[in-house]
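> For this note's numbering, add 91 to where a residue sits in the sequence shown, where the first one is 1.
Wrong hints could be hidden among the right ones.
Computed list of lysine-lysine pairs in DSS-like fashion (alpha-carbon distance at most 25 Å, straight line) [as the list claims (entries may be wrong)]:
{"hint": "1", "residue 1": "Lys-140", "residue 2": "Lys-175"}
{"hint": "2", "residue 1": "Lys-175", "residue 2": "Lys-324"}
{"hint": "3", "residue 1": "Lys-324", "residue 2": "Lys-335"}
{"hint": "4", "residue 1": "Lys-175", "residue 2": "Lys-335"}
Think of the hints as simulated: they come from the structure by calculation, not from any bench.
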Amino acid sequence: MSNLVSVSGRWMRLSEGPDVYVATPSERAPVATVVVGMELFGVTPWVQKVCERLAAAGYAAVAPDFYWRQARRADLGYDDHGRKEGFRLLGHLTREGVVADTEAALSAGVALGAGPARAFIGFSLGGHLGILAATRLRLDTVISCYGGWTLDGGIPLAEPEPPLTPMGAAAIAQHNTMLLGIVGGQDFLISADEWQRLGQRLQQAGVRHELIDYPQAEHGFLCEDRPQSHDVKASDAAWQQMLKALAQLPHGG
92 MSNLVSVSGR WMRLSEGPDV YVATPSERAP VATVVVGMEL FGVTPWVQKV CERLAAAGYA
152 AVAPDFYWRQ ARRADLGYDD HGRKEGFRLL GHLTREGVVA DTEAALSAGV ALGAGPARAF
212 IGFSLGGHLG ILAATRLRLD TVISCYGGWT LDGGIPLAEP EPPLTPMGAA AIAQHNTMLL
272 GIVGGQDFLI SADEWQRLGQ RLQQAGVRHE LIDYPQAEHG FLCEDRPQSH DVKASDAAWQ
332 QMLKALAQLP HGG
């Protein structure tokens, strides 16, 4: 993040809906809205830093607290207890709720003065949420960073079928969404076989996409707050790819 760009970050409550963490450039209107999909652990300080980094690049970054119907502003630890609580909260998410919260976040970006382009960046669980949203909503770009359970399921939100069925992929293609997928080659959640099949599914449906893997990186490699899995080199390269994808948004920076 450039030290020369001033950003404003704060929590907001959207009417009777979700709380969202919002970051925007302080001295100019944001060029587009980027919804930031949280990890399993909620809208953590790291997710907030991601929002601020995106704001420094010129975007209105809006991170919804998707858990708000059960516990507002949950910020869970990266330990076994936090993971267990995250899966408990995840079990209460519904597709309708995820889509509604994403729509609310997009509307918040417009209210903050953002241009019309709409993107979603998600990390792990958030990557799943972004792909799910893309099957229901018009999004210009979705960036899924090691988003799991999209093809073979494995969580209640992916039942009775995961989002990337042939029909789900066709919906993304119909919305003309560009999908950038990022994964580490050592990811415990997404196998090389699944990554290959995901590419085939997108190709068959005619989804504009690019899939990038970093062979030595683990699941969660972008998060500096988890040093045991953070990969500095892969993270820097992935951020370059993400910002490049956002720069190609319609009328975007």
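> Could you run down the list of hints and mark each one as holding or not?
Status of the hints after comparison with the structure:
1. Lys-140 / Lys-175: holds (24 Å)
2. Lys-175 / Lys-324: violated (30 Å)
3. Lys-324 / Lys-335: holds (17 Å)
4. Lys-175 / Lys-335: Violated: Lys-175 and Lys-335 sit about 35 Å apart, past 25 Å.
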